[in-house]
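Given chain A, put chains B, C, D, E, F, G and H with the ligands in place with the hints provided.
As you go down the protein sequences, you meet chains A, B, C, D, E, F, G and H in turn.
Take the first sequence: its position 155, counting from 1, is numbered 154 in numbering that gives the first Met the number 0, and each next residue is one higher.
Take the second sequence: its position 174, counting from 1, is numbered 173 in numbering that gives the first Met the number 0, and each next residue is one higher.
Take the third sequence: its position 36, counting from 1, is numbered 35 in numbering that gives the first Met the number 0, and each next residue is one higher.
Take the fourth sequence: its position 300, counting from 1, is numbered 299 in numbering that gives the first Met the number 0, and each next residue is one higher.
Take the fifth sequence: its position 1, counting from 1, is numbered 0 in numbering that gives the first Met the number 0, and each next residue is one higher.
Take the sixth sequence: its position 23, counting from 1, is numbered 22 in numbering that gives the first Met the number 0, and each next residue is one higher.
Take the seventh sequence: its position 266, counting from 1, is numbered 265 in numbering that gives the first Met the number 0, and each next residue is one higher.
Take the eighth sequence: its position 152, counting from 1, is numbered 151 in numbering that gives the first Met the number 0, and each next residue is one higher.
In short, the hints are calculated from the structure, not lab data.
It cannot be assumed that every hint is accurate.
Claimed, not checked - Residues from chain A that face chain C, not an exhaustive set, calculated with beta carbons under 10 Å:
#	residue
1	11
2	41
3	43
4	126
5	156
6	160
7	163
Since we're looking at a predicted model, the values are computed, not measured.
All C-beta atoms in this analysis are idealised placements derived from N, C-alpha and C, irrespective of residue type, glycine included.
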Amino acid sequence: MFLEIRLHGRGGQGVVTASEMLAEAAILEGYHGQSIPYFGAERRGAPVVASARISDKPIRRHGQVYTPDTICVFDTMFVLRKDVREGLKEGGTAIVNHKKFPKIDKFRVYVVDATKIAVENGLMVAGWAVVNTAMVGATAKVLGIISKEVLESVVRRRWRGELGDRNLRATLRAFEEVRG
Amino acid sequence: MFLEIRLHGRGGQGVVTASEMLAEAAILEGYHGQSIPYFGAERRGAPVVASARISDKPIRRHGQVYTPDTICVFDTMFVLRKDVREGLKEGGTAIVNHKKFPKIDKFRVYVVDATKIAVENGLMVAGWAVVNTAMVGATAKVLGIISKEVLESVVRRRWRGELGDRNLRATLRAFEEVRG
Amino acid sequence: MSSVLTIKDLTEEEFTLPGNAACPGCAAALSLRIALKVLGPKTIMIVPASCISVIQGYYPKTPCRVPVLNVAFASTAAAGSGAVAALELKGKSGVKVLCWAGDGGTADIGLQALSGAAERNENMIYVCYDNEAYMNTGTQRSGATPRAAFTTTTVTGKLERKKSVPEIMIAHRIPYVATACAAFPLDFASKLKRAESMPVRGLKYIHLLSPCPPGWRFPAEKTVEVGKLAVMTGMWILYEWYDGGYNLTGPSKALLEKSRRRPLKDYLSIQGRFGHLKEEDLESLQRDVDEHWEEFSKKLGIRA
Amino acid sequence: MSSVLTIKDLTEEEFTLPGNAACPGCAAALSLRIALKVLGPKTIMIVPASCISVIQGYYPKTPCRVPVLNVAFASTAAAGSGAVAALELKGKSGVKVLCWAGDGGTADIGLQALSGAAERNENMIYVCYDNEAYMNTGTQRSGATPRAAFTTTTVTGKLERKKSVPEIMIAHRIPYVATACAAFPLDFASKLKRAESMPVRGLKYIHLLSPCPPGWRFPAEKTVEVGKLAVMTGMWILYEWYDGGYNLTGPSKALLEKSRRRPLKDYLSIQGRFGHLKEEDLESLQRDVDEHWEEFSKKLGIRA
Amino acid sequence: MKSILSKPSEGASGLTGMWRIKRPIMDTDKCNMCMLCWLYCPEGTITKRAGGKPRIVYEYCKGCGICAEVCPSKAIIMLRREKGAVDR
Amino acid sequence: MKSILSKPSEGASGLTGMWRIKRPIMDTDKCNMCMLCWLYCPEGTITKRAGGKPRIVYEYCKGCGICAEVCPSKAIIMLRREKGAVDR
Amino acid sequence: MTGNHAVAYGVRDASAEVVAAYPITPQTQIVEKLAEFVEKGEMRGRYIRVESEHSAMAACIAAEACGARSFTATSSHGLLYMSEMIFWAGLGSFPVTMAVVTRTLAPPWSIWNEHTDILSQRDAGWVIMMCESAQEAYDTAIQAFRIAEDERLVQPVMYGLDAFSVSHTAEEVDLLEKKDVEGYLPPLEPSRLRVYMDPENPGTFGNLVGPDRMMEIRHSIKEAFDRARVVIKDAVRDYEKISGRRQVGLIEEYRCSDAEVVMITTGASSGDAKDAADYLRDEGVRAGLVRLRVIRPLPREEISDAVKGAKVVAVVDRDYSFGYGGILAGELEGYIGKKMCRFVAGLGGRDLTPEDFKGIAMKALEMGEKGDVSKEIWWGLKG
Amino acid sequence: MTGNHAVAYGVRDASAEVVAAYPITPQTQIVEKLAEFVEKGEMRGRYIRVESEHSAMAACIAAEACGARSFTATSSHGLLYMSEMIFWAGLGSFPVTMAVVTRTLAPPWSIWNEHTDILSQRDAGWVIMMCESAQEAYDTAIQAFRIAEDERLVQPVMYGLDAFSVSHTAEEVDLLEKKDVEGYLPPLEPSRLRVYMDPENPGTFGNLVGPDRMMEIRHSIKEAFDRARVVIKDAVRDYEKISGRRQVGLIEEYRCSDAEVVMITTGASSGDAKDAADYLRDEGVRAGLVRLRVIRPLPREEISDAVKGAKVVAVVDRDYSFGYGGILAGELEGYIGKKMCRFVAGLGGRDLTPEDFKGIAMKALEMGEKGDVSKEIWWGLKG
Ligand SMILES: Cc1ncc(C[n+]2csc(CCOP(=O)(O)OP(=O)(O)O)c2C)c(N)n1
Ligand SMILES: Cc1ncc(C[n+]2csc(CCOP(=O)(O)OP(=O)(O)O)c2C)c(N)n1
Ligand code: SF4
Ligand code: SF4
Ligand code: SF4
Ligand code: SF4
Ligand code: SF4
Ligand code: SF4
Ligand SMILES: [Mg+2]
Ligand SMILES: [Mg+2]
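Isolated chain A, as found in the complex (with noise of 0.2 Å):
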């Protein structure tokens, strides 16, 4: 198994945050996972780009994702943009955070409203609704590998208490609510 993942989203969204999530998670279940971020000069609400490799076998090459098997959008803006598409595979993946989302034909499309998972379950920053671990859980039940178990592990990792106990529900909630 190889696959790779891209994440598209803006600055305050934490997009790289859930880059190393899905690597870390992969980890955790046994594969090899790596976390990619494309560093440019980052401002809240501009865009960002991550990708994530998850594989059986170890890991070596160091370059961005090009030609991802599985796009995580964060943003709804993002969608419709030539950038965001660029590269994915035929037949590949696209999580997207929106309420609804037509279908592709070309591509498996999965959405989830983790804006609104976000904002009820109070992961705001200055006005900004942290999508990451929504995200992250979403993209973990559409990539079918990763467990709840080590999805909790993941988030609890990085938030202690009741930051934690937000996080986690948002995860979940994601990983359940998600569908294609």
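Same frame as chain A, now just chains B, C, D, E, F, G and H with the ligands:
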């Protein structure tokens, strides 16, 4: 012709200037000339060495002089030091600032009372007799290839006005008074 | 020498074009926009590594409508000196040199070049926009970070006091030193104008407090409020120094008396970087402010 | 805090051995000799490129009986910081760190490291021996060269004023700042003692005027006289600053009144570096001194 | 010989209006033309209309909300994008 | 493993007495033991004798003349080397 | 864990005593983490928040001189700004260790990967290593202290992490037990130093040396470097024991022995090149790889041995020296000879993928077949 | 006139407009003389008495950006302290010129000759030249501006003077007429620049460049360097016209064509080596010499052509890169091949004389005969 001269004196006596004057005078006489200071921590009173080369062919080498044909000893105190005479060729020439000086079999020794000449011409800096121009005059005479006219112009280039007069007087007097 | 500019005095022309890469609510971007309105197009900007170098976005585009020379982090004032020399030599004395550097690039790694230029009294304007940390690299402490503030290299709060570059510049006895705050753009504009139009040649230095939403951890829309509170609590004093003496300016004029100052807590509590402070820390910081004013008020007496 | 040491307080033990490479009559060598008598053998010296690095003569010998770490020109106070950290960590807090740098290595190329160490308030003593030019390289101007002095890079006299590092250090609000003069070794020794024995941790800075016979162009035996005249004419003021306030010390205490000061000319005229000055230059420099005292006397009032 | 200078242009960092999460909406009727919003807008995305009233350039407005904060007449409100007008 | 430290020794720069052009001569009778000469000698070439009187170490004395200048009792005079005692 | 954090953990586990550092993208995570370790008491050391990189290295040097194990980290312009002190550490034999997150030099500003920065310091008397992954970054952080402080060497060690692709990429990292590391490293004793500031036994470091003695002092460093190979090999061997993981010594040979085309790389993209070699072999091309883990001392013989059997060798430089060429190619030229193709690739942060390396290997084979390898190829250059 | 003064006169005669410099032994005479020229009105330029070398180069760069011809000079530690800005000038294509008086790097302190300092900057995007004599120092000071500002190149130029043996040695120097120099150099117009700060036509220099564009910007500098050979040759040819004196281009070949042993040297001691070659020929040994006047761009082909006929080649490095070897030998290895002997000589100011070069040549012949040239020889090393 290829002549190598090494000058020994102390900080404040103008040793480097003297070697430059000799090289310059040789050039004005139609030879090629070169002056090479040895640069250390130059302190008033501390030992100083410089060298000069005079040749009828262009001088290409740039090292110090290790086997001089002629040494010029600005300071009586140094005369007996081994390092001052080191490398002086057999039959070489020593020009010494001294009232009189014992003959040494292996070398031709010339003396000139440069200190007296400097003092009498008021060439004093902070209690120091600046004997360089006198030593240049004496050396020029001994070398036998530098004329008084050239000496004058070499002195005048360096010191204007009355100071030039005094230096010139010292140079020419040493030119006359040096004896071997 | 106390003419204050009004909104009407500022040209409508923009010299930093919209669509740059500053964070939303960036006071540094705001201040630069104002500064260039005051100085106009005949200005060459020298910019070291900092948020302002990133704000310019990617080659081959730039938002800046004046020439900008980006330079190495430590070299701002030295590059300014070279530019001044060249312009004077070429007879272009109408062109101003504006060095625009962050607090890290001024108080820390650029201080030496600045001090050298100050000693040589180079004829230029130097603005330090002070967001009190290395923001471009993600909020590490700088010499100008205030005591107790959280940064990523002082996770339990900075132990040392803020280095005062304006006071250091005053010790250099250059013709003009002033402080300003991005929340009072007209005060800042007036000082720039004064610096620009001074008859004496030499280095004019303005130290501009520049609130930073992500670095100080407050919402973008609070930039002006936070800046105003910095002044109204007395944490940041607005003043000018020239001809050997100090002047308070703007709202700071009214704050000599302690009772007129807002409690420091008002300023600290709306910023995440002070979120870890306990009551006694707040009190200790309040004492710092009070002492600082006391010391400062004595200096106000001195005008040669 | 005003105990003054006497000759008897100085140990007979020498920590700089005779036969070093200083010029005859060097005030820097004299002062270092005195300093190590005060601080004693448990001192690690940090020395940048300067006359003092040359004075040590050639490997494998050294005149210094305390450990000496020669460091790059710009790095004195930073190296000092590293030494302090290591010593504290190793539990050797009894060992003092003494940074000993020239004016070039302090006011110019070493200023940034010094300012950084001051802001971090590193626990060490920093002495700048100020011979008012780059002497080791043959008398080029430094930031600390006084106005009008001849150097090989200001052959018609320096145009700018002397940069005041002590005032810059005061602007950093470190625990102790003092000036001293090599011609008053006991005043210097007392200040070092004070710096060493202060209860507060932090950077103690002493700026020591250090006459230089070849660089200032006077005969070697006049070193002490020249130094004394610097103080007696008021060209150089002996003071301390701590706890937020200034103290005059030694002969400077008596010189607040202008009439008590010797005419500046007495100081200038015995030095070749001022030999080119005309009468009006002397007057203008005298005015500088008078103004400086006036300004300074106002500061004396301020003790927090 | 090739110049390697970047040239001034709007949107040097793209259509920064895309970064916005809240949208400033100006009620021109409430506006007293004090121009404080113009003065304080970090982006320079408030311009003057012919009539002298301010106008927001949405292509680049990052939605920081400063204009709304400084407006003395509360003529500007910030709308969450989700609920507000459709973005370009 | 080799230390590359220089070791303290007198005469690290040679017999610096050789640099001298004038020689300080002390008249111990005139000396009042104030030790100012000792205090001010840059070289540390004035030491205390058993009796408490100062003594000059000529091997290294550079002849700067400071001791003579600072001596309040004029107990030290500087002799031109040429006319004075023979140097070691 | 990212490569940057791996370094910070390695430095912590090696009980570094003095850390002096200045932030610069993409190194900041290293020093932020270390500052946190120190502030939270997870590390006994001191963290000096210096005002520049020049001061960072100066502080480390002085700390070493006073007997403390010291560390710093920087990148690109920080590295150049401290260059004087880098030479000071190297020529003065201060066993500082330093992580260098390799980044493109300005102007114009760029924060992305390139190796020119670390290579620009290759004359400074430091051992230079490069890390391929976060795991190797951790391992190297620890090994660096062992190598630097080995009594046979006593020289500083720097190691490169490719910007972002190692520094910020999160990967699996096995950490060691603190006590294993303690046993592995020399004791924290000043005796390991050539320069030690000891008031009980005072000496002066660094005063003038005349032309009569200097060359011998330099030669003693050369001799230390002659021993560096063995020192590194020993350090790697002993590390294998405590970690139970295979380690690479001076060079890593990957499917080299029978390869017709061998690529020579260093750093992060070596992994991409290995993948490429596998792909090529799947396609019937016998490709292999030599990765330089160590750049100083330059493992010339090891490399020339490793590539002996190849028809053609492709040196891939992610660095450039104008008027000279790719630096590694230039340095290896004499040892590889007429079959060496020079590729310059991945400058200014341009990414390199397995596809790129496939292309490079094929191009090299093609050039080798045509018999002309003289042209330097800028791989991936746009119109 | 000394080599240092020769440089100062050259800079004056070339009408440099902004000089920014910081003193360091043995460079001081250059800047003292220039300060004097400016103060006494013998030169129209400005002299900025900066507080460090980093600032010196920064000031020169900004002056160039504002259209002024600029110059600085330094040595050893000054060079390292400005290293960041040296790269800035090179990578930013600012045609500054700089004299470097080559001096041994500390620690321990040494003020004497060695070439490691100037070579340590060889990746910075500068043309690098070395002067053999005071005359060549003067000539190079002028030619450097021409080369730097040539529209086909527009890159900075640095040139080395050996400490003391060129810098302080007084020799005969012919000066040119000011007007000849004016005709020779490009006009003092901003148009010659790639970066010009013009309020009438504003642009931004140096803002971020992403991975998508950076490599192409670097490549444009590589292309400029590809043209540098021709630019230098043209500059030399035209200079011969105005000076009426023979000039050396990239390399000087001395009695090379029939030589059995060829020495490769650079800088001051090349003259000693020429004398040695003559002596050896008197003794029946066919010795010759290649002197590198230019080190960047590295004249590889020229050298390999020049030594084609030789039995053995002795590269004499007055520099050292630990863990690598003599730098010139390392760089030329691939172009000289198996007959190259590597000598490291004259480090730390150790003098080199014709006797030394005779010895070196003979040793090389001996090694060549024995068929083993692999050992690096540290010439003149004591006990
Ligand atoms: C020599 C050097 N060291 C470090 C850096 C990395 N760096 C770039 S910008 C920056 C922070 C700038 O801080 P400041 O001057 O306060 O400006 P701000 O980013 O806060 O606006 C740093 C550390 C660099 N570019 N060059
Ligand atoms: C980076 C660097 N630049 C320049 C020098 C050359 N240099 C050595 S000592 C010195 C002058 C020192 O002046 P100062 O600090 O005043 O001490 P002084 O020699 O006057 O005692 C200079 C310029 C150097 N060693 N390093
Ligand atoms: S980090 Fe702060 S200073 Fe920098 S651009 Fe963002 S708001 Fe402005
Ligand atoms: S030049 Fe001056 S400071 Fe330096 S050793 Fe000589 S007298 Fe002392
Ligand atoms: S701030 Fe409000 S009232 Fe003033 S101009 Fe803007 S919208 Fe109108
Ligand atoms: S929201 Fe911010 S960017 Fe938009 S117009 Fe208002 S002040 Fe300007
Ligand atoms: S200064 Fe004079 S009186 Fe005093 S101890 Fe010395 S010699 Fe005696
Ligand atoms: S002459 Fe100078 S060196 Fe000699 S003893 Fe007197 S003070 Fe000391
Ligand atoms: Mg900042
Ligand atoms: Mg000095």
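Hint-by-hint comparison with the structure:
{"no.": "1", "hint": "11", "result": "holds (9 Å)"}
{"no.": "2", "hint": "41", "result": "holds (9 Å)"}
{"no.": "3", "hint": "43", "result": "holds (6 Å)"}
{"no.": "4", "hint": "126", "result": "holds (6 Å)"}
{"no.": "5", "hint": "156", "result": "violated (18 Å)"}
{"no.": "6", "hint": "160", "result": "violated (16 Å)"}
{"no.": "7", "hint": "163", "result": "violated (19 Å)"}
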